[in-house]
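There are 2 protein chains.
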Amino acid sequence: MEISITKTTTPKQKPADESKLGFGQYYTDHMFIMNYDEGEGWHNPRIVPYGPFELDPAAMVLHYAQEIFEGMKAYRTADGSIQLFRPDKNMARMNVSCDRLCIPKIDEEFAIKAIKTLVEVDKDWVPSLDGTSLYIRPYIFATDAQVGVHPAKHLTFAIILSPVGAYYPQGIAPVKIFVEQKYVRAVIGGTGFTKAGANYAISLKGQEEAAEQGYVQTLWLDGVERKYVEEVGSMNVFFKIDGEVVTPALVGSILGGITRMSIIELLQSKGYKVSERRLSIDELVEAFKAGKLEEAWGTGTAAVISPIGELKYGDLVMPVNNGEIGEVTHMLYDTLTGIQWGKIKDEFGWTVKID
Amino acid sequence: MEISITKTTTPKQKPADESKLGFGQYYTDHMFIMNYDEGEGWHNPRIVPYGPFELDPAAMVLHYAQEIFEGMKAYRTADGSIQLFRPDKNMARMNVSCDRLCIPKIDEEFAIKAIKTLVEVDKDWVPSLDGTSLYIRPYIFATDAQVGVHPAKHLTFAIILSPVGAYYPQGIAPVKIFVEQKYVRAVIGGTGFTKAGANYAISLKGQEEAAEQGYVQTLWLDGVERKYVEEVGSMNVFFKIDGEVVTPALVGSILGGITRMSIIELLQSKGYKVSERRLSIDELVEAFKAGKLEEAWGTGTAAVISPIGELKYGDLVMPVNNGEIGEVTHMLYDTLTGIQWGKIKDEFGWTVKID
Ligand SMILES: Cc1ncc(COP(=O)(O)O)c(C=O)c1O
Ligand SMILES: Cc1ncc(COP(=O)(O)O)c(C=O)c1O
Numbered sequence: 001m002e003i004s005i006t007k008t009t010t011p012k013q014k015p016a017d018e019s020k021l022g023f024g025q026y027y028t029d030h031m032f033i034m035n036y037d038e039g040e041g042w043h044n045p046r047i048v049p050y051g052p053f054e055l056d057p058a059a060m061v062l063h064y065a066q067e068i069f070e071g072m073k074a075y076r077t078a079d080g081s082i083q084l085f086r087p088d089k090n091m092a093r094m095n096v097s098c099d100r101l102c103i104p105k106i107d108e109e110f111a112i113k114a115i116k117t118l119v120e121v122d123k124d125w126v127p128s129l130d131g132t133s134l135y136i137r138p139y140i141f142a143t144d145a146q147v148g149v150h151p152a153k154h155l156t157f158a159i160i161l162s163p164v165g166a167y168y169p170q171g172i173a174p175v176k177i178f179v180e181q182k183y184v185r186a187v188i189g190g191t192g193f194t195k196a197g198a199n200y201a202i203s204l205k206g207q208e209e210a211a212e213q214g215y216v217q218t219l220w221l222d223g224v225e226r227k228y229v230e231e232v233g234s235m236n237v238f239f240k241i242d243g244e245v246v247t248p249a250l251v252g253s254i255l256g257g258i259t260r261m262s263i264i265e266l267l268q269s270k271g272y273k274v275s276e277r278r279l280s281i282d283e284l285v286e287a288f289k290a291g292k293l294e295e296a297w298g299t300g301t302a303a304v305i306s307p308i309g310e311l312k313y314g315d316l317v318m319p320v321n322n323g324e325i326g327e328v329t330h331m332l333y334d335t336l337t338g339i340q341w342g343k344i345k346d347e348f349g350w351t352v353k354i355d
Numbered sequence: 001m002e003i004s005i006t007k008t009t010t011p012k013q014k015p016a017d018e019s020k021l022g023f024g025q026y027y028t029d030h031m032f033i034m035n036y037d038e039g040e041g042w043h044n045p046r047i048v049p050y051g052p053f054e055l056d057p058a059a060m061v062l063h064y065a066q067e068i069f070e071g072m073k074a075y076r077t078a079d080g081s082i083q084l085f086r087p088d089k090n091m092a093r094m095n096v097s098c099d100r101l102c103i104p105k106i107d108e109e110f111a112i113k114a115i116k117t118l119v120e121v122d123k124d125w126v127p128s129l130d131g132t133s134l135y136i137r138p139y140i141f142a143t144d145a146q147v148g149v150h151p152a153k154h155l156t157f158a159i160i161l162s163p164v165g166a167y168y169p170q171g172i173a174p175v176k177i178f179v180e181q182k183y184v185r186a187v188i189g190g191t192g193f194t195k196a197g198a199n200y201a202i203s204l205k206g207q208e209e210a211a212e213q214g215y216v217q218t219l220w221l222d223g224v225e226r227k228y229v230e231e232v233g234s235m236n237v238f239f240k241i242d243g244e245v246v247t248p249a250l251v252g253s254i255l256g257g258i259t260r261m262s263i264i265e266l267l268q269s270k271g272y273k274v275s276e277r278r279l280s281i282d283e284l285v286e287a288f289k290a291g292k293l294e295e296a297w298g299t300g301t302a303a304v305i306s307p308i309g310e311l312k313y314g315d316l317v318m319p320v321n322n323g324e325i326g327e328v329t330h331m332l333y334d335t336l337t338g339i340q341w342g343k344i345k346d347e348f349g350w351t352v353k354i355d
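Chains as they are written, first to last, in this note's numbering: chain P, 1 to 355; chain Y, 1 to 355.
Just so you know, these hints were derived from the structure itself, not from any lab.
Only a predicted model underlies this, so the values are computations on that prediction, with no experimental measurement involved.
Be aware that a few hints might be false.
Below, a list of computed lysine to aspartate or glutamate pairs in the EDC-like style, where the Cα atoms sit at most 20 Å apart [claimed, not checked]:
hint	chain 1	residue 1	chain 2	residue 2
1	P	LYS205	Y	ASP99
2	Y	LYS270	Y	ASP346
3	P	LYS343	P	GLU265
4	Y	LYS182	P	ASP99
5	Y	LYS14	P	ASP56
6	P	LYS12	Y	ASP56
7	Y	LYS270	Y	ASP242
8	Y	LYS116	Y	ASP29
9	P	LYS105	Y	GLU209
10	P	LYS227	Y	GLU225
Not close to chain Y: a few residues of chain P, all C-beta gaps over 10 Å, as computed [said to hold, decoys possible]:
hint	residue
11	GLU2
12	ASP37
13	GLU38
14	PRO45
15	ILE82
16	ILE106
17	ILE112
18	SER128
19	GLY214
20	GLY243
21	ASP282
22	LYS312
23	ASN322
All C-beta atoms in this analysis are idealised placements derived from N, C-alpha and C, irrespective of residue type, glycine included.
Input sequences plus hints: build the corresponding full structure.
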């Protein structure tokens with residue numbers, strides 16, 4: 001399929017101050033769109049000026065949330081070139097989401113081409129300031145104008161781009177986490193292993209309550225026994241306990257993060273043993289009490305590594321590493337961001353140049 | 001708040017054949033809209049010609065499914081008047097959904113006024129043929145153009161109307177149900193007790209698999225022990241076992257249907273004992289084997305009562321009442337549809353006239 005390109009005639013003003021980009025505040029001049037119609041498959045791929053969608057009031061996405069997305073970044077390296085990080089993994093995961101949500105799969109190779117072409121068109125929007133990047137949001141939503149509950153026959157795949165600021169403009173700093181006991185994000189048999197919009201709607205309330213209590217993120221426990229650690233906010237989570245690096249196994253209710261995957265491979269390449277297993281909150285409490293909860297961090301595209309400085313579980317407040325960033329956490333942050341922004345040689349073949 | 005009304009200048013052709021309306025195929029000439037903006041609250045209520053929404057590509061509803069809806073009907077009675085069924089219950093439930101999904105609550109009284117006004121404007125769209133009705137779909141979705149995960153500050157409340165056909169044009173007939181063991185619809189701690197769009201996206205896959213196996217609907221089991229009966233398709237479910245009418249208790253993962261509530265009250269008024277309790281699939285199997293699984297039916301606004309003629313659980317096929325509609329099921333169907341279409345005197349005060 002050929003991607004047609006229609007350039008804007010009214011380019012927007014780019015944000016002047018790259019230290020104030022924030023997250024998702026600005027969108028670039030163009031977007032990629034293609035359509036699915038039953039019988040035709042995915043067709044009419046095009047890059048067009050960024051602008052609103054017209055949706056019938058009965059459009060399925062507004063009623064039944066048949067929608068999925070991906071999140072990845074383009075990074076500006078020191079020599080001015082632009083690179084992606086493991087885009088094949090994001091597109092493979094997108095198809096996992098499609099399958100679970102009854103959305104027709106996309107051609108992964110083609111989707112990567114679409115991402116590259118769009119980033120190329122809007123390359124001047126990729127910021128250069130340390131820690132900044134261009135957030136890439138591919139997504140699919142159902143447009144059938146029919147309020148019967150059914151898998152859609154008409155869908156839109158779109159990609160939008162947003163220049164985003166450094167996650168830690170004041171330097172990487174540990175966050176305080178609230179262990180959620182009332183609300184559940186996802187359960188085995190549901191959609192927790194996908195990037196379905198549904199999971200994020202369901203998670204809002206827990207995040208809101210954590211925020212009300214002065215905590216930045218929620219530590220989600222499993223929906224069955226309500227005791228196994230699953231994710232932290234919209235990130236995967238790792239702990240270093242008595243020398244062992246542990247992250248919850250991907251049992252079906254947990255998203256398989258690309259950052260998680262990369263962190264595991266990175267640790268293994270450096271000789272660390274990483275256990276992907278079930279990890280209960282009680283085990284964490286015991287480790288804390290025994291002085292063996294050494295480090296804790298979240299992983300995700302937005303923050304890369306988010307050190308955890310404190311966990312609150314009921315009335316128990318558990319500082320981790322005196323609220324300071326741990327040694328392994330720091331090493332991982334430096335190494336992975338180093339690879340992503342091209343400051344460190346990529347020995348894994350994870351980065352993909354644009355152009 | 002005053003509802004402004006802008007009438008269409010190009011009314012649509014109404015569907016000529018009321019025996020072929022189907023569900024959600026046609027929409028009326030007008031829709032109701034109001035907006036929420038942080039600081040202003042819900043404002044600018046208006047009835048306008050039915051037409052597309054313009055949504056920013058970053059609009060939250062397309063990414064994080066912050067959206068909820070309601071479903072109810074307007075019925076044409078023999079004397080030509082139009083009535084609603086317990087609209088206060090739908091609007092109360094809508095606010096339950098709002099609360100769980102971090103959506104600012106609506107004024108229930110005002111929302112009922114909006115529904116009445118809209119139905120009044122489009123009253124010629126309420127069909128008259130036996131069993132037909134005007135389906136009413138109030139819904140709310142988040143429009144913030146910001147791809148950070150957060151409770152929206154900008155939302156749209158809309159109401160659209162769709163003339164719908166008789167659910168059983170060939171007379172009420174039992175359906176075959178597939179007991180779902182792989183996929184889970186909702187779990188306690190999640191959003192199953194609300195009409196969040198999320199729940200419907202999550203349920204599509206199970207419904208698809210049931211359909212592939214030749215079954216009309218899915219019987220959902222609970223997400224924790226995977227053995228307690230919860231709902232059937234998008235309906236609540238009732239069983240008559242050895243003379244006892246049983247329906248799953250509203251434990252947090254089950255939607256509290258308005259039809260369910262009404263059926264319970266109806267049965268009680270006729271001297272039946274109804275148990276709202278946990279009901280395991282094993283208990284159903286045992287009852288079946290002992291010849292005590294007497295009747296089974298789903299309840300919901302769309303079908304009112306949907307008799308269940310067969311349950312398939314793994315390899316076990318369990319016909320209910322020889323695949324025929326049971327006596328209590330039939331009585332409930334006749335009574336409730338009788339009240340809704342004004343053929344039977346409403347002694348409960350459930351119906352609300354338009355005008
Ligand atoms: C729920 C959830 N878990 C984990 C992650 C981390 O995934 P990734 O490393 O691919 O960004 C994300 C996305 O950022 C997420 O939304
Ligand atoms: C999941 C689900 N359960 C049950 C019902 C029945 O609710 P009601 O009787 O209010 O239509 C519905 C809606 O029709 C539903 O979507």
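Given the hinted pair P:LYS343 and P:GLU265, is their alpha-carbon gap at most 20 Å? Within the cut-off at roughly 19 Å; holds.
Between Y:LYS270 and Y:ASP346, is the straight-line Cα distance small enough, at 20 Å or below? holds, 14 Å
When you look at the beta carbon of P:ILE82, is every beta carbon of chain Y farther off than 10 Å? holds, 20 Å
Measuring Cβ to Cβ, find out whether P:GLU2 lies farther than 10 Å from everything in chain Y. Correct as stated: the minimum Cβ-Cβ distance to chain Y is 22 Å, above 10 Å.
Please check whether the beta-carbon of P:GLU38 is more than 10 Å away from every beta-carbon in chain Y. holds, 14 Å
Check on P:GLY243 being off the interface with chain Y, judged by Cβ distance over 10 Å: holds, 34 Å
Quick check for students: does the CB of P:ILE106 sit more than 10 Å from each CB in chain Y? Nearest chain Y Cβ is 17 Å from P:ILE106, so the label holds.
Given the proposed pairing of P:LYS12 with Y:ASP56, does the C-alpha separation stay at or below 20 Å? Holds. P:LYS12 to Y:ASP56 sits at ~15 Å (cutoff 20 Å).
At 10 Å, judged by beta carbons, does P:ILE112 keep clear of chain Y as stated? holds, 20 Å
Satisfaction of hint between Y:GLU225 and P:LYS227, Cα-Cα up to 20 Å: holds, 15 Å
Would you say P:PRO45 is clear of chain Y, with no C-beta pair closer than or equal to 10 Å? Per Cβ check, P:PRO45 is outside 10 Å of chain Y; nearest 16 Å; holds.
Does the claim that P:GLY214 lies outside the interface with chain Y hold up, using a Cβ gap greater than 10 Å? holds, 17 Å
The structure fails none of the hints (numbered hints given earlier).
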